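Participant: Please put together the full structure from these sequences, using the hints given.
One-letter residues, chain by chain:
Protein chains: 2
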Amino acid sequence: MSTNHDKTKFPLVVIVGGGFGGLNVARQLEDQPVDILMLDKHNYHTFQPLLYQVAMGSLESESIAFSLRKNFGGQKNFRFRIADVSRVNAENNTIETTIGEISYDYLVIATGSTTNFFGNKDVEHHAMPMKSIPEALNLRYLIFQNLEEAVLRKVKEEREPYLTFVLVGAGPTGVELAGALAEFRNYVLEKDYPELKKEDVKIYLCDFMPRTIGSMSEQASHASEEYLKKLGVELMMNTKVSNYDGETITFEHGKSIKTKSVIWSAGVMGVIPKGISKDIIERGNRIRTDEFCRVIGTENIFAIGDVAAMITDETPKGHPGVAQVAIQMGKNVGGNIVHLIKGEPTEPFKYNDKGSLATIGRNKAVADLGKIKFQGFFAWLVWIFVHLFSLVGTRNRIIVFINWMANYINYNGGSRLIIRRFVRGSVSHTTEAVTKGE
Amino acid sequence: MSTNHDKTKFPLVVIVGGGFGGLNVARQLEDQPVDILMLDKHNYHTFQPLLYQVAMGSLESESIAFSLRKNFGGQKNFRFRIADVSRVNAENNTIETTIGEISYDYLVIATGSTTNFFGNKDVEHHAMPMKSIPEALNLRYLIFQNLEEAVLRKVKEEREPYLTFVLVGAGPTGVELAGALAEFRNYVLEKDYPELKKEDVKIYLCDFMPRTIGSMSEQASHASEEYLKKLGVELMMNTKVSNYDGETITFEHGKSIKTKSVIWSAGVMGVIPKGISKDIIERGNRIRTDEFCRVIGTENIFAIGDVAAMITDETPKGHPGVAQVAIQMGKNVGGNIVHLIKGEPTEPFKYNDKGSLATIGRNKAVADLGKIKFQGFFAWLVWIFVHLFSLVGTRNRIIVFINWMANYINYNGGSRLIIRRFVRGSVSHTTEAVTKGE
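Line order of the protein sequences matches chains D and A.
The C-terminal residue of the first sequence carries number 438 in our numbering, and the numbering is unbroken.
The C-terminal residue of the second sequence carries number 438 in our numbering, and the numbering is unbroken.
It is worth saying that the hints were derived from the structure and are not from the lab.
All figures in this text were calculated on a predicted structure; none of them were measured in a lab.
There's no promise every hint is true.
Copies of the same chain look alike in the list, so a pair counts if it fits in one copy or across any two.
In silico PhoX-like cross-links for lysine-lysine, where the CA-CA straight-line distance does not exceed 25 Å [claimed, not checked]: (1) 198 x 156; (2) 76 x 198; (3) 230 x 191; (4) 76 x 191; (5) 197 x 76; (6) 240 x 41; (7) 229 x 373; (8) 350 x 371; (9) 154 x 9; (10) 191 x 41; (11) 154 x 76; (12) 354 x 373; (13) 197 x 9; (14) 156 x 76; (15) 255 x 229; (16) 121 x 198; (17) 154 x 41; (18) 121 x 350; (19) 9 x 191; (20) 229 x 317; (21) 240 x 230; (22) 202 x 331.
Facilitator: What follows is the structure in structure tokens.
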């Protein structure tokens with residue numbers, strides 16, 4: 001394998017995952033006496049906070065993604081391979097991957113998280129997740145296919161399920177998608193679909209918790225709920241889903257809604273390769289680490305970001321699954337690997353919480369920045385600035401900015417194209433393969 | 001069906017296809033006393049001349065496409081449905097479609113063309129066509145997957161087929177793609193793939209005709225061949241393909257090349273629904289029309305663009321399959337339908353040939369504009385201007401312009417993302433369905 005490491009050179013750091021965490025480990029190791037091998041099942045980094053805009057067709061998928069090869073094109077000690085890691089063999093410092101076995105000197109597990117359906121196979125089969133670009137595109141295709149189906153149906157009862165959208169999970173993703181969907185309904189729907197009435201489109205946002213964006217302040221929750229109601233989103237708090245069979249979603253309190261579109265952002269779980277001891281797998285399928293992000297019981301394996309649970313007295317549940325944690329852990333681990341190689345003392349991870357933001361439709365957002373909490377237009381400007389600044393790549397920033405300005409001016413940016421028809425529930429075990437017919 | 005027409009209103013014009021032809025019929029009929037129903041299997045118009053840039057990852061697919069609903073959002077007499085037309089029943093003025101039977105008063109067949117593999121099933125199965133956005137994306141994924149595969153192989157003989165690209169058909173599409181591929185190889189490859197050497201990537205362009213872009217002047221052919229050779233494309237003129245089995249392409253003169261990527265742009269054929277008499281189907285699977293674009297033997301059915309063969313004394317082979325013909329035929333038919341309704345005399349179609357352009361890599365192009373023929377940088381500026389101007393949508397124009405400027409400055413625009421893995425030769429009969437696994 002060309003991925004085997006030349007033993008005469010520097011120690012090899014294998015980074016599994018090109019998300020915020022992995023990206024920052026590799027950047028921190030630039031010009032250091034190490035060789036880096038990054039593995040990811042995609043050849044790009046995804047800016048997950050804007051996936052909902054890809055789903056609504058207001059951004060193109062490639063505006064929120066960036067080639068990992070291109071990003072590190074100038075970094076001499078960096079190599080990249082498309083690969084999926086199936087197992088970690090800590091005892092002999094190797095991993096098993098789709099491109100063969102690879103030896104490492106240091107291993108960074110930055111595999112992130114995937115959608116948690118909490119074991120409900122029906123929901124998993126029928127509801128739409130939105131954690132990756134292919135998933136966001138599938139959701140877009142489904143939304144617009146359903147509108148096309150609605151147009152074909154004159155009988156109200158037959159049409160309604162295609163015009164009813166149920167979002168499960170009122171965290172930032174659910175709230176932002178609900179806002180975007182409502183604005184599409186309110187301002188664009190009747191232009192694109194003169195056959196449909198906006199009153200006929202229903203958007204429900206439900207959560208088993210009592211308030212939206214439970215991770216933020218009560219003030220933020222309160223404002224976001226007000227914005228959502230004003231946009232016409234029907235909130236269903238304290239509501240637990242019992243099932244969804246593709247036709248009807250049922251709730252534990254007995255109610256049910258007929259819908260062709262259930263969007264599931266109710267929880268995530270870490271993506272852990274095999275070979276990690278069950279004793280150190282925490283709630284949410286996360287790997288327990290010490291305060292240096294080091295996997296418990298190992299010397300040279302680190303876990304960072306969504307897949308890590310750094311459980312200390314100060315953080316008894318670990319850290320929140322947000323970009324900032326992954327970024328800061330990535331920098332910490334990158335730095336500590338250099339310290340280890342140079343025989344210097346390592347530095348414990350300290351999370352610097354820069355605050356939280358969520359946007360609800362055009363020109364409204366909520367912000368908790370430490371003790372400063374504010375909502376409305378200024379929060380939205382902060383949201384815009386932070387997200388543009390966090391995107392990878394100048395071209396992406398410019399193109400996203402142009403798209404946002406176009407949307408702001410005429411409410412009607414975005415292209416809403418169904419490039420590949422989405423077909424639910426095939427026997428295929430991947431959402432990502434495209435096959436060529438004859 | 002909601003697509004049934006309200007008999008109390010205006011005559012119904014059904015347009016099948018939202019390409020250049022169909023688009024212009026519908027535009028011409030704005031504010032006229034007709035109802036329009038456009039059917040297309042996609043909900044977007046594709047700007048085909050730039051598909052090769054989508055294949056190379058230098059443009060995003062949605063920059064060269066435009067939502068048909070959005071495009072006609074303000075046109076009161078326009079309706080749209082996603083549908084495929086399987087049969088025309090001229091005797092009772094109906095068509096059979098995937099959304100049911102539809103009656104028409106006037107029918108415009110603007111279904112365009114698809115790739116012609118000339119009956120070779122092996123080639124059809126293994127070679128890559130590039131006539132639609134899904135096909136261009138598949139080709140992109142294959143190109144970059146093959147580079148990833150090449151990186152994994154140390155043995156020269158095993159690596160070579162992944163680094164060898166054979167383009168069949170040296171028309172504008174083949175020439176433009178060959179130029180773009182060569183520029184990627186020459187300027188970007190080693191930045192993204194430090195493991196590969198540009199000398200190891202081979203690009204062949206073959207055609208059974210003696211010269212490139214046979215539809216243009218000898219002067220244009222000559223210049224394009226020179227530009228291609230300078231870029232390092234190996235030309236194989238007077239060379240007919242005999243087969244391609246996915247591993248080796250063989251030629252009638254006996255040579256063969258081992259390659260994982262054969263890109264086929266050697267010919268097109270019209271896409272004709274059933275129900276059209278075989279007697280009026282011409283070479284290239286095109287429908288014979290009179291000088292009013294009217295399908296021979298019918299009163300109220302028109303065929304335009306790539307699917308039409310208007311065979312007259314002046315045009316014994318019909319018109320070339322280019323955008324300008326489709327655009328002008330669309331305007332002619334739109335106008336004539338109004339004349340027919342008002343009882344006015346109809347106008348015969350006269351093709352105004354505005355000339356041909358093809359670009360070969362960065363800042364080189366060839367232009368035949370009537371008697372004026374020129375090549376080089378100025379031709380490239382004309383090419384840029386004409387293509388930007390012809391794109392649908394201001395946002396698309398701005399975004400394509402930014403991308404081109406970025407590419408021009410650093411040779412390294414574009415994102416080259418493998419969003420969905422391409423898998424050759426499944427049992428699926430469509431390139432376009434995405435299925436959700438469990």
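Participant: Each hint needs a verdict: does it hold in this structure or not?
Facilitator: Each hint tested on the structure:
1. 198 x 156: within (14 Å within a copy, 61 Å between copies)
2. 76 x 198: between (55 Å within a copy, 18 Å between copies)
3. 230 x 191: within (21 Å within a copy, 50 Å between copies)
4. 76 x 191: between (51 Å within a copy, 10 Å between copies)
5. 197 x 76: Between copies only: 16 Å across, 57 Å inside.
6. 240 x 41: So residue 240 and residue 41 fail the 25 Å test inside a copy (33 Å) and across (39 Å) alike.
7. 229 x 373: Within one copy only: 21 Å inside a chain, 63 Å across chains, cut-off 25 Å.
8. 350 x 371: Only inside one copy: residue 350 and residue 371 sit 19 Å apart there, 73 Å across copies, limit 25 Å.
9. 154 x 9: between (70 Å within a copy, 19 Å between copies)
10. 191 x 41: Answer is between; shortest inter-copy Cα gap is 21 Å, intra-copy 39 Å.
11. 154 x 76: For residue 154 and residue 76, the Cα distance is within 25 Å only across copies (20 Å; inside one copy 62 Å).
12. 354 x 373: within (12 Å within a copy, 62 Å between copies)
13. 197 x 9: between (66 Å within a copy, 22 Å between copies)
14. 156 x 76: Classified as between; 24 Å across copies, 62 Å inside a copy.
15. 255 x 229: within (20 Å within a copy, 70 Å between copies)
16. 121 x 198: neither (33 Å within a copy, 49 Å between copies)
17. 154 x 41: between (44 Å within a copy, 21 Å between copies)
18. 121 x 350: Neither, since 38 Å and 62 Å both go past 25 Å.
19. 9 x 191: between (62 Å within a copy, 22 Å between copies)
20. 229 x 317: neither (32 Å within a copy, 63 Å between copies)
21. 240 x 230: Only inside one copy: residue 240 and residue 230 sit 24 Å apart there, 66 Å across copies, limit 25 Å.
22. 202 x 331: neither (44 Å within a copy, 41 Å between copies)
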